[in-house]
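Chemist: I would like the entire structure built from these sequences, with the hints used as guidance.
Same order as they appear, the protein sequences are chains Z and Y. Just so you know, we're using the working numbering here: the first sequence kicks off at 1 and counts up by one. Just so you know, we're using the working numbering here: the second sequence kicks off at 194 and counts up by one.
The set of hints was computed from the structure by calculation and includes no laboratory data. Do not rely on the hints blindly, as some may be mistaken.
[Claimed, not checked] In silico lysine-lysine, DSSO-like type, Cα no more than 30 Å apart, as pairs:
hint: 1; chain 1: Y; residue 1: K239; chain 2: Y; residue 2: K364
hint: 2; chain 1: Y; residue 1: K266; chain 2: Z; residue 2: K73
hint: 3; chain 1: Z; residue 1: K73; chain 2: Z; residue 2: K171
hint: 4; chain 1: Y; residue 1: K266; chain 2: Y; residue 2: K239
hint: 5; chain 1: Y; residue 1: K266; chain 2: Y; residue 2: K364
hint: 6; chain 1: Z; residue 1: K46; chain 2: Z; residue 2: K73
hint: 7; chain 1: Z; residue 1: K73; chain 2: Y; residue 2: K364
hint: 8; chain 1: Z; residue 1: K171; chain 2: Y; residue 2: K266
hint: 9; chain 1: Z; residue 1: K171; chain 2: Z; residue 2: K46
2 protein chains.
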Amino acid sequence: MIDDRPALLTFIRDYVTPSAGEASRVLAPWQSFEVAAEEVVHPRGKVCSRIYFLADGLLRYHTTDRDGAEVTKFFTEPPYVFTSLRSYNAAAPAGESISAVVPSRGLYLERAEAERLAELPVWNDFVRLLISEVQGFTEDILLEASTRTPEERYRATLESRPDLIRQLPLKHLASYLGVAPQSLSRIRRRIGR
Amino acid sequence: MIDDRPALLTFIRDYVTPSAGEASRVLAPWQSFEVAAEEVVHPRGKVCSRIYFLADGLLRYHTTDRDGAEVTKFFTEPPYVFTSLRSYNAAAPAGESISAVVPSRGLYLERAEAERLAELPVWNDFVRLLISEVQGFTEDILLEASTRTPEERYRATLESRPDLIRQLPLKHLASYLGVAPQSLSRIRRRIGR
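Modeler: Put into structure tokens, the structure is as follows:
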């Protein structure tokens, strides 16, 4: 079994600079997880009490609109730390599901362990910087969704995240762009891909 | 001049429970600001190095799309703590402007002072909870923008934030809903308001 702790430490070091002692304390309580393609990591309606590190694979956050149609809110690509943030903070049922698009694996931390880590300023700094970054990404997606057509968003995503597009089944990409799969097929044909 | 510190303390106490000593240390370095309707609090393109508390008024975050049309991303209603988060964290030029919709006032904290407060766990907890909450709001707006029509969003906003709708000039509400002002006028006539 692959140990994903070194990858997690590398990821954390992009945000903060823990001492050797802090690093080993931060890494100690994480446990491994592994999911198959299309398997749910965290289901909508259940309280999320874990923080996860995605070491490999691809995830999507999704829910359904009032007509029951699936809506994909975000994709999470490795390496990244994620949770169902609102559910985790409020200890309330999650408004969205997190599922694997392809086989995925990584680490997770139970809430009680995360709360113990909150004694470490370096861990708090990491969490604050990470949430701020996620907020920035969400704002970007919101701005794109409200100022660009699905075709423009497809082109931009193709350019900025080619690995993501390559791995995604058509239906998930369509539910992210807010179009029917048939419309996305037309867009793809039009731009010759 | 109204002292907005008690209102700020009440706001902070919704998230965390500072001791009397912590509360006075947190409140001490804030300074007052006041802006007229349509005045810019923080302009796009400039680094934002302040954290603000909106005690009274109404603000909007806005930018322009590639065709130069104005897009309103969010509204901030008092009492709330805000900044241009991405700009503040990265010390990079802000991607959006923050402007007053109506005369607004409150307090602000310079970055150097905020960094000194980071010695206090209660301040760090407050900031983390607040950013997480903002992230949740942004996700909600994103989900609404991608699953609802402008008319549905108008109805929902009218129901959940009637004070906001009452104060907003038509053009700003239209730029938030992503429609032309004339389309919003039609929507309003149709639902008899």
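Chemist: Now tell me if each hint is right for this structure.
Modeler: Tested hints:
{"no.": "1", "hint": "K239/Y <-> K364/Y", "verdict": "holds, 25 Å"}
{"no.": "2", "hint": "K266/Y <-> K73/Z", "verdict": "holds, 17 Å"}
{"no.": "3", "hint": "K73/Z <-> K171/Z", "verdict": "holds, 13 Å"}
{"no.": "4", "hint": "K266/Y <-> K239/Y", "verdict": "holds, 18 Å"}
{"no.": "5", "hint": "K266/Y <-> K364/Y", "verdict": "holds, 13 Å"}
{"no.": "6", "hint": "K46/Z <-> K73/Z", "verdict": "holds, 18 Å"}
{"no.": "7", "hint": "K73/Z <-> K364/Y", "verdict": "holds, 28 Å"}
{"no.": "8", "hint": "K171/Z <-> K266/Y", "verdict": "holds, 28 Å"}
{"no.": "9", "hint": "K171/Z <-> K46/Z", "verdict": "holds, 25 Å"}
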